[in-house]
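**Q** One letter stands for each residue in the lines below.
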Amino acid sequence: MTVFRDNVQRNWYIALLVGLLLLPRVLPDYTVDLSLVFIYGLCGISLMVLAGYTGLVSLGHAAFLGIGAYAHVYFIHDLHLPWIVSVALACVITAAVGVLVGLPALRMTGVYLTIATLAFALIIQEVFSRWEHVTGGLKGKPVDKPVLFGISFANDVAFYMLCLAFLIGGVWLTVNILRAPTGRAWVAIRDSEIAAQSLGVNLAVYKTMAFGYSAALMGLAGALFAHKIGFLAPDIFSVLLSIQLLLMVVVGGLGSLHGAIYGAVFVAILPVLISQARDAMPAWGGLDRFMKQPGLEPGLFGLILVLFILFEPLGIYGRWAKIKLYFSMFPLYKRATFRRQKAYMRSERLR
Amino acid sequence: MDIILQLVLNGVAVGCIYGLIALGFVLIYKATELVNFAQGDLLMLGAFICYMFVVWYGLAYWAAFALAIAIVALFGAALDATVLRRVIGQPQFAVVMLTIGLGAIFRSFASITWGSEIYTLPTPFSARATRVGGVTVSHEYVSIIVGTIVLCAALYAFFRYTKFGVAMQAASQNQLAAYYMGIPVKRMFSLIWAISAGVAAIAGVLLAPVSLIDINLGFIGLKAFAAAVLGGFGSIPGALVGGITIGLIELLAGAYLPHGFKDVAAYVVLLLVLAIRPQGMFGAAGRKRV
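Residue numbers (the numbering used here), protein chains in the order written: chain A, 17 to 367; chain B, 965 to 1254.
Because the hints were derived from the structure by calculation, they are not lab data. Any given hint might turn out to be false.
Claimed, not checked - For lysine to any residue, the following SDA-like pairs were computed, each having C-alpha atoms within a straight-line distance of at most 20 Å: (1) B:1226 / A:251; (2) B:1226 / A:255; (3) B:1226 / A:139; (4) B:994 / A:125; (5) A:161 / A:97; (6) A:161 / A:50; (7) B:1226 / A:254.
To be verified - To be clear about the criterion: a stretch of chain B counts as covered by chain A if any three or more of its residues have a C-beta under 8 Å from a C-beta of chain A, and this derived list gives those stretches: (8) 1048-1054; (9) 1057-1065; (10) 1068-1076; (11) 1187-1199; (12) 1217-1229; (13) 1236-1244.
From the three backbone atoms N, C-alpha and C, an ideal C-beta is built for every residue, glycine too.
Go ahead and model the full structure; you've got the sequences and the hints to work with.
**A** See below:
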């Protein structure tokens, strides 16, 4: 299938792939952080499909990540299933849970859905800490390094390649689904449910499908995430992680797969940058002590989120699109091209 | 029998706190259609400010209480004027993310200013109790219930009988029509934010002696969502009734159901309400308009 627009675009992507394959050699100290970027990339795509393309905002995606992680670890450690089978089963289970969450969600719109998924995530987190013979409870559960077909992926570079391969697979699948009737139906639902329904889109089927697909991707990410962190505990999959996942799609830019990846890079790299900045901070007027406060980082994330929503609602992708248009239209660029009309009268109470 | 009465009393008191937070959600939602995910964090700020005045600066409890309400209310109005007014008319998702981000900033601010330890707020009601029959009535719980009743009466009178209150009701029913009638809609919205933030501060100060003050106090706001949804998201009496119901269910679940159900009872109720009767107990069923 023709995934690329033209040969130029294809060559750029091939160059990117080569660059990514060589990156562990260039930056050997950051290989572990970079594999986190790929895992977050999968999470970002998952949430982008749901929030950015179908318009269903979920504040409970950390729960799907957790279900995927715990299911995968249970299958490989307690049932001793092969790795690939275990990952596939983890995806199937998260997809099933996603459909189960999606079904009652059909009756909810807008913020109610957000609140419902939030409640679901909080319940699941409690289940993780209580269902001890599967999840290990509050004591947590150690995770071994992945072993595929007898080959160990314990080495950081090997794990990096594994995550990269899964991310490419996920992106390829998602790009194709989004070009297919299914993806078009999702976008139609996002833009107007009534119009989509009038054109023959079955809301129930497509919304549940979006939930199921998004959850399955999240389950895959969860399986990799379990190996990445090496130790599962219920408080990892908290509301704060869900918020971080949403931060990813907002900062990246809602409604674009590029955005999901940009957001993943941003969210995974920012803590690394912050810790580097902390060490390098000069001691002017106690600035270094201020930067070393433990509570600062979540606030910084919050601040970035607020600034993006106020000043660049389309995220990094939107900024990139504007810069590109500026150069291609030069000198005729008009800022008003991207100005959105505010809908004061439109009420989401009755939509 | 005494045990049940005891549970009911405590449940109503906790439920009043949920009700007050839910009231804050509902006031803002009715007026501006924004859902404020930072409401719980405003509550946390209120509790911390009161603590700071009482313990650090040695003010009397009531003076500190009043100051905390005033500061948080002013802060709420400023927040509306500078940040939230810009997102009116944007998709609800943007607003949800914006208030979540604000909540994270507030928590960070609290942890930097007051530290991440756990504090107790000394009050005139602390550690005092009266026995009525077989029930131990602790004064802290009574203060919560009485405070809620007084506050609700005051708010009811304000919205029913004052010019400002009626203007606010008009603005929340139809922004444009209210604007044509000469109501300063923007100022009304700031005022509603101030009231809502003030209510959150009151809830925080009332909650402080029962719970402990730390930067994660605001997560109680998540349970208040259950209260607001149960009552129908746009109904003020619904928020209070919903809050008290959630409080009762939670305490009874803690007493009679296996371990672990107490913490999730509110969320289970929330999901059930949304799945079965999304408009809640008091909400009007919305019809789709094409």
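**Q** Hint by hint, say whether it matches the structure.
**A** Hints and how they fare:
Distance check on the hinted pair: residue 1226 (chain B) and residue 251 (chain A) sit about 18 Å apart at the alpha-carbon level, within 20 Å; holds. Taking the CA atoms of residue 1226 (chain B) and residue 255 (chain A), the gap is about 18 Å. The hint holds against a cut of 20 Å. Distance restraint check for residue 1226 (chain B) and residue 139 (chain A): the Cα-Cα separation of roughly 11 Å lies within the 20 Å cut-off, and the hinted pair is therefore satisfied. A hinted pair counts as satisfied when its Cα atoms are at most 20 Å apart, and residue 994 (chain B) with residue 125 (chain A) qualifies at roughly 17 Å.
For the hint linking residue 161 (chain A) to residue 97 (chain A), the alpha-carbon distance of about 14 Å falls within 20 Å, and the restraint holds. Distance check on the hinted pair: residue 161 (chain A) and residue 50 (chain A) sit about 17 Å apart at the alpha-carbon level, within 20 Å; holds. As the CA atoms of residue 1226 (chain B) and residue 254 (chain A) are separated by approximately 18 Å, the hinted pair is consistent with the 20 Å bound. Figure legend: the stretch 1048-1054 of chain B, annotated as covered by chain A; annotation consistent (5 residues with Cβ-Cβ distances under 8 Å, at least 3 required).
Counting residues of the stretch 1057-1065 of chain B whose beta carbon lies closer than 8 Å to any beta carbon of chain A gives 7, which meets the minimum of three for the stated coverage. With 8 residues having a Cβ less than 8 Å from any Cβ of chain A, the stretch 1068-1076 of chain B passes the three-residue criterion, so the hint holds. With 5 residues having a beta carbon nearer than 8 Å to a beta carbon of chain A, the stretch 1187-1199 of chain B meets the requirement of three or more and the stated coverage holds. By the rule of at least three residues with a Cβ nearer than 8 Å to a Cβ of chain A, the coverage given for the stretch 1217-1229 of chain B holds, with 4 such residues.
Against chain A, the stretch 1236-1244 of chain B contributes 3 residues with a C-beta closer than 8 Å to a partner C-beta. That satisfies the three-residue criterion, and the hint holds.
Comparing the model with each numbered hint stated earlier shows that all of them hold.
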